[in-house]
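Chains as they are written, first to last, in the numbering used here: chain S, 136 to 555; chain B, 136 to 555.
Copies of the same chain look alike in the list, so a pair counts if it works inside one copy or between any two.
Mimicking DSS-like on lysine-lysine, the simulated pairs with C-alpha atoms at most 30 Å apart in a straight line are:
no., residue 1, residue 2
1, Lys246, Lys507
2, Lys296, Lys322
3, Lys322, Lys246
4, Lys296, Lys507
No lab work stands behind these hints, which were simulated from the structure alone.
There are 2 protein chains.
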Amino acid sequence: MAGLSRAAILAVGSELLTPSRIDTNSLFITEQLNLLGIDVVCKSQVGDDRAELAAAFRFALGRADVVVCSGGLGPTDDDVTRDVVAEVLARPMAEDERITSRIRARFESRKMVMPAINRRQAMVPQGARVIDNTNGTAPGLWIEAGTQVVLLLPGPPRELKAMLPPVVEQLLAPRSQGLSLVRRVIKITGRTESHTEEAVQPLYRAWEQAEVPIAATILASLGQIELHLSARAASRESAASATAAAAEEVAAVLGLDVYSMDGHPLEQVVGNLLVARELRIACAESCTGGLLTSRLTDVPGSSRYVDRGVIAYANDAKIALLGVPPALIEQHGAVSEPVAQAMAHGMRASARVDIGVGVTGIAGPGGGTAEKPVGTVAVAAVGPGSAIRSRLFRFVGDRELVKFQASQAALDMVRRMLLS
Amino acid sequence: MAGLSRAAILAVGSELLTPSRIDTNSLFITEQLNLLGIDVVCKSQVGDDRAELAAAFRFALGRADVVVCSGGLGPTDDDVTRDVVAEVLARPMAEDERITSRIRARFESRKMVMPAINRRQAMVPQGARVIDNTNGTAPGLWIEAGTQVVLLLPGPPRELKAMLPPVVEQLLAPRSQGLSLVRRVIKITGRTESHTEEAVQPLYRAWEQAEVPIAATILASLGQIELHLSARAASRESAASATAAAAEEVAAVLGLDVYSMDGHPLEQVVGNLLVARELRIACAESCTGGLLTSRLTDVPGSSRYVDRGVIAYANDAKIALLGVPPALIEQHGAVSEPVAQAMAHGMRASARVDIGVGVTGIAGPGGGTAEKPVGTVAVAAVGPGSAIRSRLFRFVGDRELVKFQASQAALDMVRRMLLS
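Only chain S is shown next, with the shape it has when bound in the complex (with noise of 0.2 Å):
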């Protein structure tokens, strides 16, 4: 058997087509596949249908090497995973007498009858190598066809979870190439998708051609930019030191707009600096209402670096709490670099801490006007020792998404400050 690299997950479930349900069986069967260098190619999910499913699998095994199935394989007439598999494979089935007694001595243990249904699980494929779950009735099947496998496994995550990894030890690591795929996400802000690519794209073509080649794909959301790299070969040290010399290669192009090199958020990265500075921090907060401080606080550890914060919607709350004299408000209005300078100097001030940060700004959807239509925004960060900033922005996108581009543009001021 040629070393097994390319995988296709398939998720049978008709709650899986429902607006309220999806698949998250096959996140953790990537982790698993991966950690062999196995690729996952596709992922499908289909309902508890024999012809859909039929169809759905035989597709996957014209894709793929290993094709991993999840569900279908409880006692009732709706599941049909185990038929469906041994019809498109033509492998007779058979019942195996330990899994019936296993099952009726699980039903035994909790003082009941198996119902005569629970037969169903214990029919197995010609060949098929059973897979044991101490978690539930359903056992898994191991099935080599040919130059392929077939692993069906129950839906229930907490069973699919403790059955999975002695599988990829045990009958998939020695059948796989041997490879590790190693992934970095690196994490950009400040800049465009477009712009980001343009920087980086004159680096595709080295890497596409080294020795360990390194895959890219960009993702950009409102407010950031993610860069994933992979990277795939013969241990898992130099696919990572591939992925790592990648990185640097990007952060040399893109230089400080990128803010991890490691997936981390940004609340994390100006946490660290924060602490590794020993500077403390206290955001005055009107248009993101407490996100700022509550995404700060996200991390752990964050009460070193934060021990208070205001939020000040109302410009009497500006002037009450935080000292913002109302002529300056009346001068540039409540949405402007003046009055989140002032903001962020009587929160610095008040809470007596290294850095103070203001943000107010229009959420919307009401409160636009031309001038400063919905979703301006001005930020200002003071301190430390002399230090400041401030920016007016436009930010695009519903009330939440300006709250978040707001909170990520304060955080990313900070950021820059504290490295400068």
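Knowing the structure of chain S, use the given hints to seat chain B on it.
Frame of chain S, contents of chain B only:
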């Protein structure tokens, strides 16, 4: 064209095949298709890879009469959906100058020059109808091929969610079979999944046998439970009135534990109550770090009832900003009902509002003790008038989940107080 009834959803993007990302666009797409009684028969995710996408797209065309693709419409080299779909359908592509000028204008409005690569987004397969994207550069495409329809939408959820409903209403509805599927989400807090199930189970049998049968699913997560009801009928009205009647039966059984009959989040429900009673609120937050006020201010128009808030993480901040007596903290500990009450009183008095809320707890992972483990959170609400409530909770889960559950408990305490 016969009425469209079977859909396949295809999500394109290599990130969707990693252990850290999942396709969630398909949930919204499913909801929209279901409105027309169109069933989703399979969903797939493929990477930014021409061969894989072509195979998956051909497969989808073989199974469904509507194929909805999301993603891969960006300007970069790895955005291949447009090309592959045009190739499989054998439609030559040409640049649509109107799209190019719209994209150029979008960049210019942000004082930027359109990068040359963005021209790719203006390429349109012969016979395709262009779907405007007001939130991004990538337009959508509607392509009819014999009795089938192919719809291409951009991957960013904000763009896709704005573009799909008009397509469903204007282009898809006239081609559907005219059956309507209506869903209703009832939100519940204050009881477990099993207790919810026990209470509503007696309703199920009547629902199954009704003229317009109701299907029900319970979805539980920390801090809330959702009960999804759905009905399919010849008219939208009769499906809607059947689900509405079923929702009323649920409300009669579960009483005050139902906080929303139409899927609204708790902060919206509390906001509506505050507006109706013309009351204002202010929150003093410790472990939630601003999340509670941020959720309250996620609601458009919330400045009518929120004008400020205080984040008092450290004891010093609780004393200085909220007037919590130091002796109280010494006697009961910072995480205690008396301190939460003092925070709520202090907040209410200093902000001169009707309702003051105090939240203090241990979000973890550090800071827990044998007596007060991680997840211990005291919540208090005072006012209007002399009303006062408080409770000590023990939440499970990681830091972010404890924060969310604490904010949920505080909002629910205010809701029950306002309704009592």
